[in-house]
Every structure is written in structure tokens, then in C-alpha cells.
Amino acid sequence: MTASELVEQVQEQYRGELIAARTSSEVDAWIDVPPADVQQIAGFIMDAWPPVHLSTITGYDNGREIEILYHFVADGVSLNLRAAVPKDVNRIDTITPVVPAAVLYEREIMDLLGVTMVGHPDPRRLSLPEDWPEGDYPLRRDDVEDEEGPEDNG
Amino acid sequence: MAKLSFPVGPQHPALKEPENLRFTVDGELVVDADIRIGYVHRSIERSCSERNYVQDMYLCERVCGICSNAHTLCYAHACETLADVEVPERAQYIRMLMHEFERIHSHMLWLGVAGHEIGFETLFMYVWRDREIIQDILEMVSGSRGHYAMTTLGGVRYDITPEMADRIREGMMALRQRSERYADIATTEATFLKRTSDVGVVSGEVCRNLGAVGPVLRASGVAWDIRTAFPYLKYDTVAWQVRTSELCDVLGRTLVRVLEVIDACDICLQVLDIMPEGDIQARFPRKVPEGEVTARVEAQRGEVIYYIRSDGSDVPARVKIRTPTLANLPVSLEMVRGGQVADIPIAFASIDPCFSCTDRMVVLDDARTGDRRQMTWPELVKLGRER
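Taken in sequence, the protein lines are chains A and B.
Note that my numbering has the first sequence beginning at 1, numbered continuously upward.
Note that my numbering has the second sequence beginning at 1, numbered continuously upward.
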């Protein structure tokens, strides 16, 4: 299947309105979806083209929002779903009930960007040390006033 | 009997890298396992968005000491797609050679370590002796045994001369022959079979569900390889096959890796024959047009994915890296659950874990003092034994 066919099928199955969709090649699709429906959309992608592989999840701070990008591979197409979470909302449903492979990737985003994954089964830190200050997220781009890391106990 | 929970690590529990494992055992049986990583987190992703595209190339090379070439390859591939730069054909073939050389050296390193983990030191000695062949080739081609710095934005930095090609052919023939011997040992040697067969079993379905990649996934019967799923470089011009095994255990993972070494030798021999003459570098612009891209390559441990976002300047807005070990961690815990305590090291090592990749840091200098000092060989050996 080509990327544009895949985009069409996602649009068909999804009852709501996709925010944007584009393809950059035969095997590369980018779809922007409302953050509230991300679990639902991930769910039918998993069901429609098994086996679907989740390569990773990227978090990107664009200033106003944290963009969460889910990089799937479905039926030979690299399918990138984007859900932009406004910073004042700062939470999104976990996709782990439908995509078990997302557990560590979502933990990484919670850890480094501070977006709460609602319903995550294991919301512990992943990369940062346990004594890392609460509320300090290294991949956010608006909190650079404190360049010092946590106190070095070594 | 009461269940007992105990930590292993973070000081080099089985591998020469820090990670903290927590096992819950019932007698000799492992009933649960958990892992804590992050001991080598060095914020490479963040640092990437504070340096320009060329500087990031050097940073990405240092994500991992073993699969450094796969990272630069993936990074360059992403940047070249964004900037719409066509890499000369000869450079693509040389990149392919380096990619396969790295697979050979890494799989052989792993096979030696696997021998060591099960107490089969003879195998370790032989494999690591033979691994010197590929290390010599890497040094001849790039000038370095690790961190080859061959890939550059728009091509490669060094050409392969006819004399080099002859020596590579010789080396590949020798390695091919030796690997066939190791495939034979892995399938017939009683000690090896006893320690690897039915150890660390995980089904293809579980692997798929938990997002496993690379030889781990292929050894559970799933034929998934980025080289065929999303063809890059010139893999469509050479004859090779995706190796799988239905065994789903450590033995299967060993066989897949050994067969991949043999395939890699064959790929290199073919590349040397069909590689066209020509340029090895294309011009790469200082500033990259606005956009975003993902790139995937099949590193020796599995799929590596890079996401790069450009805001039109000479510094990327975001570089996201996902290394194969992170994808394979959930499945590695499944492997030790329900097994024997004595099988933990080999089961865990069978995913070929690399925590520096996963945490994204460099393990180079003396980690305790942080200074970069020279050591004599006896000092180094002493340090190794103390650790």
C-alpha cells in the first residue's frame, strides 16, 4: 500500500476531522491528529494492518505546544502521527493499552519533557537520576535559566 | 519458600556497562525482573540542538562505541533527505561496505562475549582472534578501529583503493570460512547447545507486541529487516537474504548472527565487484531547508531510527535517536522471567544490549576521575581485572 492510500484509509476509519495530512514519498506519511483521540486512532491502526511496529515516540517542544510524534510502520509505510499537546494542558492519554511497545518511549517523554501520559501502567523515570529536581525537563526549550544540573553527590 | 528480591548492579553486573537489574527469585527460578537505566545519560539529543549539522555528525558518532557507523549513517541519511542532496553512487557502496564491516565486527564481538557468559572461554578466544581480521580492515580503510568517522554529510571521507579491495577480499574469504566453522560449533557442540537451547525463550508474537527489533526479532521467526523493509543505500543491487530462525531462544539468536556475518562477507565481496568509479562526496549546504524527516537503518543490533526537525537554520531544532537496545529491553526482561538464575547472564546478553547507546553517552575516559590519562598495558589489564 502507498502512503497516500494509507492516509485515506485512516481518514475513512476516523470519525472526526484530521488536522493535517501529507505524504513525502510512497512510503512516508505524516498525519496530525487531535490529542484527545490519539488512543483511538492508534488502536485502529494496530487493528487494521497487523503487525504494526512502533519504532519510537518523539517529543518536541515547539514553544506553545509539546508535539508528540508516534513513528509507526504499518503495511510497509512509515506512518508518523502527530498530537500537539498545548503546554497549559500538558497531558495526553497513554497508548500503551493498544500498543504495549510504547511503555518505555512514553516513560522517556514523561521524564524528559514532562507531559503526563494519563493511564500509563508504570510512570517511573527512565533516564534521569532519582534526585533530579521535579518540574525540570531537559528537552523543554523554555526553562534554560538554570544551567546547573542537580547537586553532585560524588 | 519465600520469594526473594535482590538488585544486581549498577556496577557492571554482566556487561561492561552500568545498569541496575532487580530480580525476584523463588529458589533458582526467576519470577520477575525489572531494569533501571540512565546511569550513562549524557543528553546527546539536547546537545544536538545546540550544535550545527556538521558538529552533530561527530556527536552522533559517539552515541555508541560499537555501532558508531550505523548512527552516522542514519544521521547523514536523514540530513541528506532534508537537504535533498544526492550521494554519489560510489560513496553509497563504500557506506554499505562500512555498514557490513561493522555488522561483522559487532556480531563477532557478541559471539565471543556469549562464549564468555556461558564459560566457553575457548570460543571467546578463537572468535576474538578472528575478529582482528575485520578490525585490521576497518583500520586500513578508515584509520581507526572504532569511531571510524567514514561517513560525512554528502558522502564518505576516504576512498577504497584497488590494493585495499584485494586485502578486503582476502579478509572476507577468511572470515566467511571461520564463521561457517562457528555456525557448525553452535549447532553441534554439546556444551554450547546445553547452555543456549531453550534458554531465554520468547515467541515471535511477544517480540512483535513489545516492539523488539533486529536479530532478536528475526530469531523468533519474524523476517523484518530495515534493509528490505525501507531499502536504503544499494542493498537492492546485491543478492542476500533476511536470516531468521524459528528456535526463539539464545541458540536461535546465535545462529542468526553467525549467518548474518557470512551474508555480510558475501555482500562485501559483491560490492567490491560492482562498485562504480566516481566521486565519493557531494556538496552539503551549511543551512538545511525547513522540514522534518525520519530515517531508519538496520544496525547490527536492530533498527535505529532518527527523527530530525529543521527550522531552516544551520542548527537542527530537534534530533531524536532511538537505539535498538531500548526497543529490545522489554523483551529481554521476558527472556529471564521463568528461567534459571544461572541463565540470567546469557539470556540478558542475547539481545546484545548496549546501554551507552540507550542512555546516549560516551564511555571513553576514566569514568571515576574524569581525566584523560594514558595507561600502560599492564595497568589497563590490572584495571580490567579489578573491575
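To be clear, the hints were calculated from the coordinates, so they are not data collected in a lab.
Careful: at least some of the hints might be erroneous.
Once the Cα atoms are required to be at most 25 Å apart in a straight line, the calculated DMTMM-like pairs of lysine to aspartate or glutamate come out as [as the list claims (entries may be wrong)]:
1) A:87 <-> A:17
2) A:87 <-> B:290
3) B:234 <-> A:75
4) B:3 <-> A:122
5) B:3 <-> B:34
6) B:234 <-> B:279
7) B:16 <-> A:130
Reference listing, derived: stretches of chain B covered by chain A, where coverage requires no fewer than 3 residues with Cβ under 8 Å from a Cβ of chain A [as the list claims (entries may be wrong)]:
8) 35-43
9) 111-119
10) 311-323
Where is the CB? At the ideal position from N, CA and C, for every residue including glycine.
A quick look at each hint next to the structure:
no.	hint	in the structure
1	A:87 <-> A:17	holds (22 Å)
2	A:87 <-> B:290	holds (23 Å)
3	B:234 <-> A:75	holds (22 Å)
4	B:3 <-> A:122	holds (22 Å)
5	B:3 <-> B:34	holds (15 Å)
6	B:234 <-> B:279	holds (16 Å)
7	B:16 <-> A:130	holds (22 Å)
8	35-43	holds (count 4)
9	111-119	violated (count 0)
10	311-323	holds (count 4)
In this structure, only the earlier hint numbered 9 is contradicted, and the remaining ones agree with it.
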